[in-house]
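Student: One-letter residues, chain by chain:
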Amino acid sequence: MKVLIYTSSFDRPKMLRSCIQDAQSQTYNDILHVINLTAGSTNQIPVINDLFNGKTHIVMYPNGHSHVNNMNAIMSVHNYMDFDLFVKFDDDDIHKKDYVQNIVNHFEQHPECDVVSTCIKHQLNGNVVLNASPNQFGGWVICNDVYDNLTGNPEGTDYHMPMTFAFNKKALLSIMNLTNLWHFDDVLWREKWAKDGIIHQTVHNEDQVIWYVHANNISMSHLLKT
Amino acid sequence: MKVLCFTTSYNRPKMLRSCIQDIANQTYSVHHVVNVAFDTEKQDYTSIIEDIGSNLTVVYNKNVHQQVNHMNAIKAVNYKDYDLFVKIDDDDIYKSDYVENIVQCFEETKADVTSSFIADQLNGHTIYRGRYDNLGNKPEHTNFHMPMTFAFNRKALDLIIGLTDFYHYEDMMWRDEWTKAGLIHSTALNHESVIWYIHGKNISTANFLRS
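Chains as they are written, first to last, in our numbering: chain D, 3 to 228; chain X, 84 to 294.
Accuracy of the hints is not assured; some may be wrong.
Lysine-lysine pairs mimicking DSBU-like chemistry, simulated, CA-CA at most 35 Å apart [claimed, not checked]:
no.	chain 1	residue 1	chain 2	residue 2
1	D	99	X	238
2	D	99	X	145
3	D	57	X	145
4	X	85	D	99
Distance ranges between label pairs, derived from CB positions [claimed, not checked]:
no.	chain 1	residue 1	chain 2	residue 2	range
5	X	137	D	184	18 to 28 Å
6	D	80	X	112	30 to 40 Å
7	D	29	X	237	36 to 46 Å
8	X	145	D	80	48 to 58 Å
9	D	86	X	237	50 to 60 Å
10	D	184	X	112	51 to 61 Å
11	D	154	X	161	16 to 26 Å
12	D	84	X	161	44 to 54 Å
Since the hints were derived computationally from the structure, they do not count as laboratory data.
Don't be surprised by glycine CBs; every beta carbon is placed ideally from N, CA and C.
Just chain D, with the same shape it has in the complex (with noise of 0.2 Å):
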């Protein structure tokens, strides 16, 4: 399968080039890497310009919304349709080196499945790391907490953390045209797959992402960001 990482970054340089390792470490091969630099972002490129490889794809397009972000990336790339999957790549978690490898594992051997997502087992908050064990529902339980999904989910419907998703053509092809943003690109993906009956299952990556809680997390004031 031929898998397109895609991650949109807005002025977080020294995480996008973790990020771009982190993609770059993979054991599975077959991948391209693309980077949607938002621009308004300062120029980041000295910062991860000893990393280009051929794998990895530069574009740069205004900031806008989350989802128009993350649809700039993907279709940035000129033969975008000639992929499999699309896995989303958060410049600011931590990928360990088989997690696009068990997701393909996964979609190969569900082909009825349209979109994957995991639950998450360990969060970096500041520097301090927070590890989960499985509640009796089945979640994981971090500091009394539940890091299962961010903001509930379409009825009938198990996603799990946001920064997770990863995808086939059909999915894509259900959210890459959504002009009403009246939420964050997640949210309204996972409302429009529901609606489309797009087949999503869970793919057992816990042990191979990182939740990282910091002072550049989209939900910090801006004047705690610098």
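Guided by the hints, dock chain X onto chain D, whose structure is given.
Tutor: Relative to chain D, chain X alone:
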């Protein structure tokens, strides 16, 4: 030349991951030893770094003076097997030809110690182009550059490995010892291969702002 890159890291696991990846990506093959320093309770960063790095040794020790932290890293491996010791700070960016440039400098000069000035500073998310040359006064008649770019041979290591009078930052102490002993310093042209990162967890930032 056999090269040992050494790093001491304190409360910066995300930056440490990137640092390990920088060294694993070097065009010149090295061994990388990392000393993770902790205060009262050991912070185990295995889950953050277990999948990356090649030729990597990670040890955990109590946080003490930077001099001790660095030497704890070097002493964690059989350091007498190595020709060159390259200081790698956990927060700065080292591009893929960084070590190769240092090896070339040692091969072409009779240097015991090399350092480099820096051309780019990443301050938060903004790049500032300049010439960042050193962080403190230099001993007379010497020309040491930025401390995160120090690299040295065994002779230079022998002079600093047993220091016990911690009167300043480790790099200031090292420069004094090397100058006193008449070691030869050369400039490695690595200014385009290292980026100085300024952020909320710099050592010069107050502790209450660093969490």
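Student: It remains to establish, for every hint, whether it holds in the given structure.
Tutor: To see whether the hints hold, each was checked on the structure:
1. Our distance criterion of 35 Å between C-alpha atoms is broken by residue 99 (chain D) and residue 238 (chain X), whose separation comes to about 39 Å.
2. With a C-alpha separation of about 30 Å, the suggested pairing of residue 99 (chain D) with residue 145 (chain X) holds against the 35 Å cut-off.
3. Among the hinted pairs, residue 57 (chain D) with residue 145 (chain X) is inconsistent with the structure: their alpha-carbon atoms are about 41 Å apart, more than 35 Å.
4. At most 35 Å may separate the alpha-carbon atoms for a hinted pair to count; residue 85 (chain X) and residue 99 (chain D) meet this at roughly 28 Å.
5. Evaluation of the 18 to 28 Å hint for residue 137 (chain X) and residue 184 (chain D) yields a failure: the beta carbon distance comes to about 47 Å.
6. For residue 80 (chain D) and residue 112 (chain X), the hinted distance range of 30 to 40 Å is satisfied, since their beta carbons lie about 37 Å from each other.
7. A hinted range of 36 to 46 Å holds for the C-beta pair residue 29 (chain D) and residue 237 (chain X), which are about 38 Å apart.
8. A beta carbon spacing of about 55 Å between residue 145 (chain X) and residue 80 (chain D) agrees with the range 48 to 58 Å that was offered as a hint.
9. In this structure, residue 86 (chain D) and residue 237 (chain X) meet the distance hint of 50 to 60 Å, their C-beta atoms being roughly 53 Å apart.
10. Residue 184 (chain D) and residue 112 (chain X) have their C-beta atoms about 53 Å apart, which keeps the hinted 51 to 61 Å range intact.
11. As the Cβ distance of residue 154 (chain D) to residue 161 (chain X) is approximately 55 Å, the hint placing it in 16 to 26 Å is violated.
12. Separated by about 50 Å at the C-beta atoms, residue 84 (chain D) and residue 161 (chain X) satisfy the suggested range of 44 to 54 Å.
The structure fails to meet hints 1, 3, 5 and 11 from the earlier list, while all remaining hints are met.
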